[in-house]
Amino acid sequence: MKNLLSKAGLLFLALTLCFFSACEDDDDPPVSIDPAITSLRFLNEVVIAPDTIDGSVVGGLSGIDRNDDTYYLISDDGNTPTRFYTASFDVTNTGIQNFSLDTQVEFLQEDGTSFPSGAVDPEAIRYVADGGGYLVWTSEGSINNGVDPSVRTAMPDGSSRAVFDVPANFRADATDGRGPRHNGVMEGISLSVDGNGFWLGMELPLEQDGPAPTTTDTDSPVRITYMSKSGEAGRQFAYELDPVVREGGFTVNGLVELLEYDTDKFLVLERSFSTGYTDGGNDVKIYQVDASGATDVSDIDALADATYTKVTKTLLFDFETVRSQLTQGVVDNIEGMTFGPELPNGNRSLILVADDNFSAFGTQYSQLIALEVE
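With mature numbering (1 follows the signal peptide of the UniProt record, and there is no 0) applied, the sequence shown covers -22 to -1, 1 to 352.
I should point out that these hints are in silico values taken from the structure, not numbers from a laboratory.
One should not assume that every hint holds.
Stated by the list, open to error - 25 Å max Cα-Cα, derived SDA-like pairs, lysine to any residue: (1) Lys263 to Glu218; (2) Lys207 to Asp172; (3) Lys243 to Tyr105; (4) Lys207 to Phe20; (5) Lys263 to Pro221; (6) Lys288 to Thr241; (7) Lys291 to Leu169; (8) Lys288 to Gln266; (9) Lys207 to Ala107; (10) Lys263 to Lys207; (11) Lys243 to Leu321; (12) Lys207 to Arg149; (13) Lys263 to Asp240; (14) Lys207 to Asn325; (15) Lys243 to Gly155; (16) Lys288 to Gly157; (17) Lys207 to Gln87; (18) Lys243 to Glu218; (19) Lys291 to Gln266; (20) Lys263 to Val171; (21) Lys243 to Asn325; (22) Lys207 to Asn147; (23) Lys291 to Thr48; (24) Lys207 to Thr48; (25) Lys291 to Gly110; (26) Lys291 to Gln186; (27) Lys263 to Ser252; (28) Lys243 to Ser276; (29) Lys288 to Gly155; (30) Lys207 to Ser276; (31) Lys263 to Phe317; (32) Lys243 to Asp296; (33) Lys263 to Thr287; (34) Lys263 to Ile26; (35) Lys288 to Asp240.
Predicted model, so just to flag it, every value in this text is computed and none were measured.
Construct all of the structure, not just a fragment, from the sequences and the given hints.
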């Protein structure tokens, strides 16, 4: 009887341990957080003041990324110094708190000297954790002036690490009627979820792929291109831009940022702009994109009149719905996007930043916006 009770006790103990450890087997794959995104909810907005740091005005913040508690914000100022900023802040269930702009860091050329004015037009930035950590950033160049776009990597102190070749059809030396449009090149970049490379997002269609969007329906596909961490271009697919939202003397709509959050699943930021409006003239939307069924168009020279399958896109968030909660009712030139920390309630956060164009066209705001990912 005593032996029987002992065996029963051991069995109970084993079952208890199995229960609390979920009967974990070393060969079982690790449990991962479900990356699915069903909705986004506005939390708050903070406006970054146009202060001066090391002689340069803070502004033109067109890209943002995060490493732990440090945020990297790239300035698209085409004048010297070519730079990024580091910042820190908390993100709670109610949004961004305790914002601090900490340092300004200059990006340097391969020989350690400053970039000349007009040599690059910085647009997007990501932090890569490999090898102690480095930054990858894009420049859309200056197509009208024969300056090629580029993808570069740099150390956190701004020193150059590598410069990658861009696909030939993205270069500024294309013939008339072909190649990239001025100010419409590599506006967005995302790390791939497999950790092996990057996704580059064109803002506007190549000349041979279709027209730039207007307020009427057009076939305006932009290319999203995979690039390995060694700089080799790979798979490419097409994303259809929306029409421009409002009439204006000058209008544009383009892809300004992207984030891959699961294999072939992206968040894509589209920004439409029209002149002549007191609310800034910007209409900004976040789309959920599925590229799993899209054609690899890397070998298609011209998308116009070609047969292929584009990515699918579903509207996830329209900033028009929160315009009244933003400073002066302005949805500004939102161009940067990154996942923030997990919120105290367990949901993820999404952080966005607006490029104020240094208020060159009237008063604008470097908005920092927090959304909750549901």
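Given hint Val171 paired with Lys263 - CA-CA distance at most 25 Å:
23 Å, holds
Pairwise hint evaluation, Asn147 against Lys207, where the allowed Cα distance is 25 Å at most
20 Å, holds
Is Lys263 close enough to Lys207, meaning Cα to Cα at most 25 Å?
29 Å, violated
Measure nothing beyond the straight line between the CA atoms of Lys263 and Phe317; if it is 25 Å or shorter, mark the hint as holding.
16 Å, holds
Between the alpha carbons of Lys291 and Gln186, is the straight-line distance 25 Å or under?
23 Å, holds
For the pair supplied as a hint, Lys263 and Thr287, is the alpha-carbon distance within the 25 Å limit?
Distance ~23 Å between Lys263 and Thr287 Cα, so the pair holds.
Is Lys243 within 25 Å of Glu218, Cα to Cα?
15 Å, holds
Lys207 and Thr48 were given as a pair; does the straight-line alpha-carbon distance stay at or below 25 Å?
Holds, at roughly 22 Å.
What's the verdict on Lys243 and Tyr105, does the C-alpha distance respect the 25 Å limit or exceed it?
20 Å, holds
Checking one constraint from the list: CA of Lys207 to CA of Arg149, max 25 Å. Satisfied?
Judged against 25 Å, a Cα distance of about 20 Å means the pair holds.
Proposed proximity, Phe20 with Lys207 (alpha carbon, max 25 Å):
34 Å, violated
Keeping to a limit of 25 Å between CA atoms, is the pair of Lys263 and Ile26 held or broken?
21 Å, holds
In this structure, the hints that do not hold are numbers 4, 10, 14, 15, 23 and 25, in rising order.
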